[in-house]
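Chemist: Here are the chains, one letter per residue:
There are 2 protein chains.
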Amino acid sequence: MKIVLTSLSLLAGLALQAQNLTGYSSDDAKTQVQLEADFRSSINKSRFKTHLKTLTENPHIAGTPANEKVKDYIVKSMDAAGLDVETYPYEVFMSSSPGESLVEVITPEEIVLDQQERALEEDPYSDHPELKKGWNAYSGSGEVTAEVVYANYGTKADFEKLEELGVSVKGKIVIARYGGNFRGYKAKFAEAHGAAGLIIYTDPKDSGFTRGLVFPEGVYYNDSGIQRGSLLTADWTGDPLTPYEPALPQDDKNSPDRLDPSEVGLHTIPVTPISYGAADHIFKQMRGEVVPRKWQGGLPYTYRLQGGSDLKVHLKVDQPKQLTKVFNIVGTLKGKTYPEEWIILGCHYDAWAFGATDPNSGTAMLLSLSETLGKLAKDGNRPDRSILIAHWDAEEHGVIGSSEWVEQFKDELQAKAVAYINLDAAVSGKNFRASSAPSLKTILAEATRQVDYPYTEETVYEHWSRGNEQPSIGNLGGGSDHIAFYMHAGVPSLSGGASGPTLYHTNYDDFYFYENFVDPEFQMGPMVEAVMGTLSLRLANAQFIPYDVVKYATDLEMHFQNAEKQVKGFYADFAGFKASSSAISSLNESANLVAKALKEQLESGKMSKKQAKRLNAQLLALEKSFLNPEGMPYGDWYKSLYASSDPFSGYASWILPGLQYQIAMKDKDSLKAWDMTYAEAILDLNGKMIEILEGL
Amino acid sequence: MKIVLTSLSLLAGLALQAQNLTGYSSDDAKTQVQLEADFRSSINKSRFKTHLKTLTENPHIAGTPANEKVKDYIVKSMDAAGLDVETYPYEVFMSSSPGESLVEVITPEEIVLDQQERALEEDPYSDHPELKKGWNAYSGSGEVTAEVVYANYGTKADFEKLEELGVSVKGKIVIARYGGNFRGYKAKFAEAHGAAGLIIYTDPKDSGFTRGLVFPEGVYYNDSGIQRGSLLTADWTGDPLTPYEPALPQDDKNSPDRLDPSEVGLHTIPVTPISYGAADHIFKQMRGEVVPRKWQGGLPYTYRLQGGSDLKVHLKVDQPKQLTKVFNIVGTLKGKTYPEEWIILGCHYDAWAFGATDPNSGTAMLLSLSETLGKLAKDGNRPDRSILIAHWDAEEHGVIGSSEWVEQFKDELQAKAVAYINLDAAVSGKNFRASSAPSLKTILAEATRQVDYPYTEETVYEHWSRGNEQPSIGNLGGGSDHIAFYMHAGVPSLSGGASGPTLYHTNYDDFYFYENFVDPEFQMGPMVEAVMGTLSLRLANAQFIPYDVVKYATDLEMHFQNAEKQVKGFYADFAGFKASSSAISSLNESANLVAKALKEQLESGKMSKKQAKRLNAQLLALEKSFLNPEGMPYGDWYKSLYASSDPFSGYASWILPGLQYQIAMKDKDSLKAWDMTYAEAILDLNGKMIEILEGL
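Here the protein sequences line up with chains A and B, keeping their order. Here the first sequence is numbered in the numbering used here, starting from 1 and rising by one per residue. Here the second sequence is numbered in the numbering used here, starting from 1 and rising by one per residue.
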C-alpha cells in the first residue's frame with residue numbers, strides 16, 4: 001500500500017516538475033526526472049542504519065587507531081560501491097588525546113571534580129573503555145591554583161562588562177558557560193584579559209534540565225554531560241603550522257616548510273570543559289557580587305561574579321601536541337560527459353567520541369548514497385559530470401582535513417568544482433534545514449520538491465516550509481568543512497540535512513541515543529540521501545550548470561540594504577554604498593538577460609560539447625568574482641567578499657564580511673574604499689555575465 | 001550646611017510655583033507655598049522610625065489581641081497628635097489564625113513539609129513565638145490524599161492550557177506558583193476544574209534565588225519564605241456576608257441581616273501556601289509529561305505536568321471562620337472653613353505578621369503626619385477643609401475594614417469626600433510611584449515638585465521622572481483600600497508612595513529587614529510624609545477643589561482609542577465607539593472652558609463662602625457621573641464605569657471596565673449598548689461642566 005502511494009506522488013511530481021527544471025530543456029527534464037525517480041527507488045533503506053552502527057562502534061578521535069579503523073571501513077565501503085577511492089594523508093600539529101588534566105576545589109574543602117560522563121545503565125555504549133575525559137583541543141599546558149571569576153558566555157561583550165564592573169580576571173581562573181560564541185574565543189579573550197586559566201561548562205539553562213528532560217530520559221545534557229571541542233583560533237582555517245599550504249606528510253617530497261608552533265599564537269593558558277554537575281561544586285561556593293540579571297543560569301542559587309578568597313581552584317592541563325597523521329578519503333564516480341566538472345559532497349568522519357549524530361549520521365548517509373549511485377552507474381546511468389564523495393579527517397580539531405585538501409587542489413577546484421555540498425551531521429533529527437550560496441538555493445529547493453517527507457503526506461519542500469510559501473534557506477557561517485571551499489577557494493557551497501536534538505560533543509552522542517531519540521525508525525537517513533542524491537544528479541546531468549544566476553543580484557541587494565541600515569546605526573549621515581548599488585543594478589539586468597538566453601538556448605537545440613564546456617567554465621567562474629586577493633582585514637586567508645564566519649564569535653555567518661568588519665569596528669572612514677572594492681567585484685561578475693551573453 | 005541648601009531649594013521652588021498652583025490665586029499661592037514649607041520643616045524625622053518599630057514589635061493579624069494592641073497605640077498616638085479620633089467596630093466573617101493544616105508527601109516516602117519560615121540567627125524577630133505558619137485565609141476546610149498536577153500560575157489561560165493538553169485536575173491536588181493573578185482566582189479556577197485541593201508556592205524564578213540573593217543575605221525569598229494571603233473572591237469587596245451593608249457588630253441596633261456563608265460562593269477545597277524549599281519535595285518526585293517551555297521555574301530539574309501515580313500528597317486544612325471583631329480608626333483634623341469637605345488619607349494596619357513594609361510603613365508615616373499636621377493646627381494653621389487620617393483593619397483578609405466603612409458612610413462620602421489617598425505600605429523602598437484618578441494627577445505631580453528626594457540633589461518629581469519630561473502615573477487597580485472609595489462610591493482616589501524590595505506576606509517582613517534592606521537611614525518615611533502632607537494641605541486649602549477638570553477628557557480619549565484597538569483585534573469591521581467619542585469631544589470643550597473660567601474667577605477676587613461651597617459641591621459631584629446604577633456585568637457592587645480591578649485576575653487595573661469585559665469575552669453584540677452607556681455618562685459629566693460654567 002505504501003509503495004503504491006509513493007509511486008502516485010512521484011508521478012504527480014513528474015508532471016509538475018518537467019516544465020521547470022533549471023538547466024534542462026523540457027525534453028531532457030523528462031528523462032532526468034525519471035532517472036531521479038529510479039535513483040530514489042534504488043535506495044536500500046536499511047544501509048543507513050547498518051553503516052551508522054558500524055561507524056560508531058568505538059570512539060574515534062582524529063589521529064587514533066580507532067579512527068584509522070573507521071577510515072578503512074569507509075574506504076572498503078566506497079570501493080565496494082564502485083567508486084574510485086583515494087586517500088589523502090597529512091601531518092597536522094595537534095593532539096589526539098586529552099593528555100593529563102585535573103580540576104579540583106582546594107579550599108575551603110578539597111573536592112576533585114569529575115571530568116568524564118558517568119556510565120548509564122540504559123546506554124551500553126556509555127561505559128566503553130576507550131572513552132576519554134572531557135577536553136579542549138589546543139588548550140595550553142600549565143597549572144594554576146587561583147580564585148575564580150564567572151564571565152558568563154565569555155564573549156567580547158562579557159569581558160568588557162566585567163571590566164566596566166571593576167572585576168579583574170588577572171591571575172584568576174575564569175569560569176564561563178558554553179554558548180554565545182566559538183569556545184576558542186572564550187580562551188582568546190580570557191587570556192587577553194590576563195586570566196591564568198579557563199574552565200568552560202554547559203549551563204542547565206542553555207542545554208540542561210531547564211530546557212527539558214535530560215539524557216537518558218530526554219535529549220538535554222544531564223549533570224555529567226561535557227562538551228568537548230577545539231579552541232583553535234588562528235587567522236586562517238586548517239593546520240596551524242601550514243596556512244595556504246597542504247600539510248603533506250614529512251616524508252612527502254612536497255612537504256611544506258612548517259611554522260614554529262610558538263609563532264602561530266596558540267593559546268597558552270590551561271583550558272578544560274566540565275559538566276554542570278561539576279561546575280556546581282564551584283558555583284555554589286562563590287561569595288562575590290551578584291551577576292547582572294542576564295548572566296544568571298539555571299543552577300539553584302544566585303550566581304556571583306567572584307568566588308572570593310576562600311575559594312581556591314586548582315586547574316591543570318598537560319596536553320602535548322605533535323605532528324599527527326590524518327587522512328581524507330575521496331571516492332569519485334567519474335562523469336561520462338564532463339568528467340572534469342565536479343560535484344563534491346563531503347562530511348568529516350572523525351568524532352569526539354562515537355559521533356552518532358555528529359558527524360557520522362552524515363557519513364552513513366554518504367556511504368549509502370555511494371552505493372545507490374554506484375548501482376545506478378553499473379546499470380548504465382553514470383552521471384554526465386563527476387560526483388566526488390569526500391570523508392574529511394580532523395574536522396573537530398579545527399576543520400583541518402578539508403582545508404588542507406582545498407589548499408592542495410585549490411587551482412584545480414577553482415577550475416572544476418561546480419558545487420560543494422557539506423553534510424556534517426546531516427541526519428541528526430527530523431527537521432530539514434539548509435544554508436547555501438545564492439546560486440545553489442533554487443536547485444536545492446527544487447530537489448526537495450521531489451522527495452517525500454517520511455511520517456507525513458508532505459514533500460520535504462512542504463515540510464521544510466512549515467506552512468510558509470517557501471522554506472527559509474540560511475547563510476553559510478563557520479564551523480564546518482565548507483569553509484575552505486567557499487571562503488578560501490570560491491566554490492559555491494551549501495550545507496543541509498535534518499537536524500534535531502543533540503548531545504553535542506559529549507560521550508553520549510552514540511547509537512543508543514540515535515536509536516532512542518533522534519530517529520528510532522531510521523527514516524531520515526534515506527530521506528536525506530534521496531534529497532542529496534537528487535540534487536547531485538540534477539547538478540551532474542544538466543546541460544549547463546544549473547546555477548540561479550539572478551539570485552546573486554537579488555541577494556546582494558538585500559544584504560547591502562541590511563548593511564546600510566547597520567551603518568546608519570553609528571553613522572546617521574551615511575550616504576549609502578552608491579557604487580555597489582549601481583553595480584548591483586547593472587548585474588541584475590545582465591543576470592536576467594543571461595537567465596533568459598540560457599533558457600532559450602536550452603529549448604532551441606543542443607550545443608556542441610565544446611561550446612557547452614566553454615559555457616560551463618564561464619558559469620563556474622562567476623563565484624570567483626567575489627575572491628579578493630588581499631583577503632579580509634581579520635585574516636588574509638579568508639578571500640571571499642561574499643561570506644565569512646564572524647571573526648569575533650566563530651560560528652555566526654557574516655555576509656559581506658568586508659563591510660561587516662567595518663560595522664563591527666564602527667569605522668566610518670573605510671566605508672568608501674570598501675564600497676569601491678565591492679563595486680569592482682560586482683562589476684567583474686557583471687562583465688562575466690555579459691561575456692556569457694555574447695557567447696550565446 | 002544641609003539646611004541652607006534645603007532653604008535655597010525651597011525658595012527656588014517658591015518662585016517657580018507661585019505662578020501656577022491649581023486652585024489658588026497668585027496671592028493665595030504665595031501664602032500656601034509658605035505654609036507648606038513650614039509644614040515640611042516641622043516634620044520630626046525621627047518619628048517615622050519610632051512608630052514603625054513600635055507598630056511592628058509583634059505579629060498582628062486582624063482579629064487578634066496583638067492587633068488590638070496596635071489599634072490602641074494608633075488611637076493613643078493620633079489622640080496625642082491632636083486629632084479627633086473615632087473607632088469603628090465591625091463583625092466580619094473570617095478567621096484570625098491558620099487553624100490546623102498539614103502538607104505531606106505520602107508515597108513514595110513520607111515527608112512532612114515545612115509550613116513556616118525558619119528562624120534566622122541574623123534576624124531576632126524571626127523566632128517570635130507568636131509567628132504563625134503559612135496560610136491562605138478563606139481556604140475551604142477539608143482533607144485529601146491525591147496525585148498532583150502542576151498548573152503554572154493557575155490563571156484562566158493556564159487551566160485552559162491543561163485542558164488542551166488533555167491533563168485533568170479532577171480529584172487531584174493542584175500545585176501552582178504565585179504570580180500572574182490574585183491567588184483567590186487560582187483557588188476559584190482549580191475548584192471550577194474539579195481539583196480536590198490546591199497548594200500555592202513561590203517559585204525561585206519569580207521571587208527567589210534566580211532573581212538575586214535571598215534573605216537574610218538579600219531581598220528575595222529564601223527557600224523557607226511563604227507568601228500568606230486571602231483567597232476571598234466574591235462579586236463584591238468587603239465582608240463576604242454583608243454586601244452593600246456595613247458589617248456592624250451584632251449588638252449594634254443597625255446590625256444588618258447577614259447572608260448565610262453557604263450562599264456566598266466561598267471556596268470549599270483546602271488551599272495552603274508553601275515555600276519553594278517545601279515544594280521541592282513534591283516537584284522533584286513528579287514523573288509526568290514535561291511542561292510547556294514557559295511553565296518551567298527555577299528549581300533544578302525539568303518541571304512536569306503530573307506527579308504520576310507513585311506520588312501521593314496529603315493536604316489538610318481545618319480553618320474555622322466566625323464573626324470576628326475588627327476596628328477602623330479615623331482621626332479628624334477638622335477644617336476651619338469647609339469642615340464638611342474631606343481629604344481622606346488611609347492605610348490598613350493589620351498584617352500577616354510584623355508588617356514592616358506591608359502595611360505599617362504607611363501607618364508609621366501617617367502617625368508622623370498626624371503629629372506634624374496637629375502641631376501646625378496648634379500653631380494656628382488649621383486647614384480650611386477637614387483632613388481625615390484613617391487606619392483600616394482586615395485589609396489583608398479582603399479589603400474589608402475600608403469597604404465596610406465606605407458602605408456605612410457612602411452617602412456622606414459621596415457628598416463630602418474630595419479625595420481618598422491610599423498609603424498601603426507607602427514607604428517600602430526608594431522608588432516613588434503613584435496611580436491616580438485623572439482629576440488628581442496634576443496636583444499630585446505638582447506636590448512632588450516641592451519635596452527634595454533624599455540622597456540626591458533632585459526633587460521627588462525629578463527622581464520619579466527618571467530622566468523623562470514627566471513622571472508616569474499609573475491607573476488604579478485592585479488589591480487595597482481605595483477600592484470601595486473609588487469603584488463603589490465614586491470618590492476620586494490615588495495611591496502613592498515609595499516602593500522597593502519586598503518579602504511580601506512572609507514572616508520576614510520585619511523591622512530587621514526594613515533596617516537592613518529597605519531604608520537603613522530612614523529617610524524615605526519623612527519624604528513620603530512631606531509629599532502627602534503637601535498634597536493634603538494643597539487639597540485642603542485651595543479656594544476651589546483643585547481637580548484637573550480637563551484631564552478626564554484627555555484620558556478618556558486615550559482609553560477609548562486603546563479599547564477600539566483591542567476590539568479590532570477580534571472584530572476588524574468595528575465602526576468605533578461613535579457616541580462616546582462625540583461625547584468626549586463635547587466634554588473636552590466644556591472642560592477647557594471650565595478650567596479657564598475657574599482660573600479667571602480665582603484671580604478676579606473672592607467668592608462668598610456660600611458660592612464657593614456650591615461650586616465645590618459641583619466639583620465633588622463630577623466623578624459621580626461615572627457611577628452606573630446597574631454596576632458591572634461581573635458584579636453589581638462595582639459601580640464605576642471608569643475603573644475597576646480585573647475580575648479575571650484581581651490585581652490588574654481595568655480602565656473602562658464595561659468595555660474591557662466585552663473585550664475579554666470577545667462579545668461584539670453588546671458593544672453598541674455599552675457605547676451608549678458610556679456616552680450617557682460622559683454627557684452627564686459634560687452637563688455638570690456646563691452647569692459649573694453657568695454658575696461662574
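Mixed in with the good hints there might be a few duds.
Derived contacts from chain A toward chain B, CB cut-off under 8 Å, selection only [what the hints assert, rightly or not]:
id: 1; residue: Gly166
id: 2; residue: Leu213
id: 3; residue: Pro216
id: 4; residue: Leu299
id: 5; residue: Thr302
If you are wondering where the hints come from, they were derived from the structure by calculation, not from laboratory data. Glycine included, each C-beta is placed from N, C-alpha and C at the ideal position.
Chemist: If a hint holds in the structure, say so; if it doesn't, say that too.
Modeler: Quick rundown of the hints versus the structure:
no., hint, result
1, Gly166, "violated, 19 Å"
2, Leu213, "holds, 5 Å"
3, Pro216, "violated, 14 Å"
4, Leu299, "holds, 7 Å"
5, Thr302, "holds, 5 Å"
In this structure, the hints that do not hold are numbers 1, 3, in rising order.
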